[in-house]
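Fit chain B to the known structure of chain A by using the hints.
In order, the protein sequence lines correspond to chains A and B.
Take the first sequence: its position 282, counted from the start at 1, is 282 in my numbering, and no numbers get skipped.
Take the second sequence: its position 86, counted from the start at 1, is 369 in my numbering, and no numbers get skipped.
Derived from the structure by calculation, the hints contain no laboratory data.
Where hints are given, some of them may not hold.
Below are the DSS-like pairs computed for lysine-lysine, each with C-alpha atoms no more than 27 Å apart in a straight line [unchecked claim]:
hint, chain 1, residue 1, chain 2, residue 2
1, B, K286, B, K440
2, B, K440, B, K292
3, A, K38, A, K88
4, B, K286, B, K331
5, B, K331, A, K88
6, B, K331, A, K38
7, A, K38, A, K272
8, B, K349, B, K338
9, A, K88, B, K338
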Amino acid sequence: MTEFLSALVSQPFLQISLLAGLLASLGCGVIGTFVVVKRITFLAGGIAHSVLAGMGAAVYFGFDPLLGALIAAIVSALLIGWIRLNWKTQEDTLIGAIWAMGMAVGLLFIAQTPGYTSSLTSYLFGNILLVPEQDVWFMGILDLVLLLIVGLFYRQFLAVIFDEEFARLRGVPVSFFYLLLLCLIAVTVVLLIHVVGLILVIALLTLPAAIAGHYVHSLGWMMLIATVLGSSFTIGGLAISYSPDLPAGPTIILLAGSAYVISAIFSHYRLKRRARQSLSVSS
Amino acid sequence: MSKVIELHKVSFSYGLVPVLQNIDFSVEQGEFLGIVGPNAGGKSTMLKLILGLIKPQTGTVTVLGKKPAQQRTQIGYVPQYPGFARDFPITVEQAVLLGRLGAGRQLGRYNAADYAAVQQALAELEAQDLAQRPISALSGGQLQRILLARALVSDPKILILDEPTANIDMRIESDIFDHLRELNKRLTILVVSHDIAFISDYVSRVACLNRTLVCHTTDTIDGHLIQHLYGEPIRRVAHVH
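Chain A extracted, bound-state conformation (with noise of 0.2 Å):
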């Protein structure tokens, strides 16, 4: 820990990395909390993965990998949406073979283009301590997009995921802001990348929301607390995996995946506890 304290005050890109971190951590607070409270951990997952393709087309054609994942998000959130709204009977096969094909388009991109099979794992499972300047930028613009866009509207935004037919009795555009959130969730998405890849990308875009979730009854705690969370397992995983030169995407999700365990358990009991508790005071 001393070791990663005075490689923090020293090292340049240590630092970079983590302020991709906390740029990160941001977005995952605020859009983690309405993916989970709206029950589309599938849906986010599905828009993850396929951003696979976009990464693969940029590496090939010759262009920013974040840029094309960003399309490719964004792309794939719109055609989640479409089917979501419109083709309800078939929607988890339909989202479970764009999940898939995303992925199958991005691996042919990458196998066709010479000497890039090594970024393949950094896609996929993060590399923050190689975060490019540049792209810190880029995330600081995503960022400032995303709350914009969160802060003008976000009564529209709690009203369709609240409960949306009321919303669209209210006149709300009701399918205009659900594919707008799957939209920032794509934005999202390209947020993590770096920090943990596309494939772990899920766990924390939900799991510091849900931990938050047990223990806060309103949106706004819980995107907050969702973010000191994420900003804790993002650095507490870089700081425990950088002496012993362990990859840090997968030390950030173990560390997000054990608290996410315990407070369940917790929260679990205590519920228990306080049902006991109001039941003896009633006899």
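What follows is chain B alone, placed relative to chain A:
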């Protein structure tokens, strides 16, 4: 008196099954109208047509002189089942505030008028003390009042309720209907119910629906009518209120 809701020769079917056939029906301003009928008789479908959530295959639906979808903000709606998860992390106040969407300004935060409207709606239903509770902590009857408050907070001209008391006990049922009777002084009310005997104490008129409009009457509801509506004699349970 003017007509606030008009259905003219309306038919609707889900796939091959006709749900409503050739319905001619209207509601006058200030009425307290009960819609009764057997399950799958088309009651909820008729509400959805009036709310503009679905469109009829034939015929026209008019609400306050316009198409239903254009008049949604004039209608307060209380669904049979809440369209949200009971453990959703939201307070009563925030949930009721969502009823203000489409009434006040759209961007950014709520204003003082929105909060005042919520306070007033909760006070009217004697539920002010619930404002800061999470909705997960509400009883069935409390939740029903909150759904009603959410429908009222936009100051609608018409209130539509789909089986508002199907999941709560009798005492709270009459409590809710006492509130509705009070609200009827300023609102047109449309309420769907399966409990024809109970609502006959409150409503000014009853429409009986079983795919077609079986009756549309101000007459007293008697056993003969119920038999006609349900197609077979049913034993009446005595209600004492």
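Status of each hint after checking the structure:
A threshold of 27 Å between alpha carbons decides the hint, and for K286 of chain B with K440 of chain B the separation of about 12 Å falls inside it, so the pair holds. Taking the CA atoms of K440 of chain B and K292 of chain B, the gap is near 24 Å; set against the 27 Å cutoff, the hint holds. A hinted pair counts as satisfied when its Cα atoms are at most 27 Å apart, and K38 of chain A with K88 of chain A qualifies at roughly 16 Å. For a cut-off of 27 Å, the pair hint linking K286 of chain B to K331 of chain B stands: about 19 Å separates their Cα positions.
At roughly 20 Å between alpha-carbon atoms, K331 of chain B and K88 of chain A fall within 27 Å of each other, so this suggested pair holds. Between K331 of chain B and K38 of chain A the alpha-carbon distance is near 24 Å, which keeps this suggested pair within the 27 Å criterion. Of the supplied pair hints, the one linking K38 of chain A and K272 of chain A holds, its CA atoms being roughly 25 Å apart against a limit of 27 Å. Taking the CA atoms of K349 of chain B and K338 of chain B, the gap is near 14 Å; set against the 27 Å cutoff, the hint holds.
Among the hinted pairs, K88 of chain A with K338 of chain B is consistent with the structure: their alpha-carbon atoms are about 19 Å apart, no more than 27 Å.
Violated hints are absent here; each numbered hint is respected by the structure.
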